[in-house]
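Enquirer: Numbering (UniProt numbering), first residue to last: 1 to 251.
A couple of the hints might just be wrong.
[Said to hold, decoys possible] With a cut-off of at most 16 Å between alpha-carbon atoms, the simulated EDC-like pairs for lysine to aspartate or glutamate come out as follows: (1) K238 - D13; (2) K176 - D135; (3) K179 - D97; (4) K131 - E74.
Don't read these hints as lab results, they were simulated from the structure.
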Amino acid sequence: MHNFKIDGLIIIDKPKGLTSHDVVEKIRNLFPKVKVGHTGTLDPLATGILLVCIGKATKLSQILVKYSKEYVAEIELGYETDTLDSYGEIVKRLSKDELSSRLENININNIKEKNKIIVVKNFKSYHKSLKKVLDSFVGEIDQVPPIYSAIKLKGKELYKIARKNEKVEIKPKKVKIYKIQLIDTIKNSILKIKVNCSSGTYIRALARDIGIKLKTYATLTNLVRTRIGNYKIEDSYKLEQLENLALMKRI
Numbered sequence: 001m002h003n004f005k006i007d008g009l010i011i012i013d014k015p016k017g018l019t020s021h022d023v024v025e026k027i028r029n030l031f032p033k034v035k036v037g038h039t040g041t042l043d044p045l046a047t048g049i050l051l052v053c054i055g056k057a058t059k060l061s062q063i064l065v066k067y068s069k070e071y072v073a074e075i076e077l078g079y080e081t082d083t084l085d086s087y088g089e090i091v092k093r094l095s096k097d098e099l100s101s102r103l104e105n106i107n108i109n110n111i112k113e114k115n116k117i118i119v120v121k122n123f124k125s126y127h128k129s130l131k132k133v134l135d136s137f138v139g140e141i142d143q144v145p146p147i148y149s150a151i152k153l154k155g156k157e158l159y160k161i162a163r164k165n166e167k168v169e170i171k172p173k174k175v176k177i178y179k180i181q182l183i184d185t186i187k188n189s190i191l192k193i194k195v196n197c198s199s200g201t202y203i204r205a206l207a208r209d210i211g212i213k214l215k216t217y218a219t220l221t222n223l224v225r226t227r228i229g230n231y232k233i234e235d236s237y238k239l240e241q242l243e244n245l246a247l248m249k250r251i
């Protein structure tokens, strides 16, 4: 804990398992006499860039929160959870056979089950079909946010409503997908993608909607935020690094 004052922006590489609020609290403990806030929530599942404003820089938070984002995500096909990520409870699931059948029905050919892994004989056809589905999301789209989110409805956060099992109608909102790229397929039922998008885009919801277009279910299993505006993950600090720098008063 330090009593010196500081104003500025710190690029943090948030570790998995912590909320964005957890990160802010850790930094507040390092600098108890200054204001601290972040500019865009990352779910506990996610790692990557979290912009933390300190002192007078907190006045910039409303500007920084609007910057575009870049993510690398892994999406597993065949099941869906209540939170739309792997931290939630599974609410919908397909067998491997049924998943293969549904993928075949969207012209992803030559898929069969072998040792509980989906085997694709014709990778060119498979990737071409996946790319076509992903490309259909580029542009301005209507996205229904996850029920487990901090979005407010009539002054109450949606996740609090979800925990009480209350049924509500969540209206879609406009978001923009600037670019979406298929990086790889893992065991052919896990898609690894890179997404460039507007602020306010939920990658969990995007995963769900990709599953719908593939006529299956889908769940986000890994997420890294690699860029916010021009701030890149390569320029970020781990929390441990920040704590060490604070101890040496080099921030």
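Enquirer: Hint by hint, note whether the structure agrees.
Expert: These are the hints, each one checked on the structure:
1. K238 - D13: With a Cα-Cα distance of about 5 Å, the restraint between K238 and D13 holds, given a limit of 16 Å.
2. K176 - D135: holds (13 Å)
3. K179 - D97: The hint is violated at about 32 Å.
4. K131 - E74: holds (15 Å)
Checked against the numbered hints above, the structure violates only hint 3.
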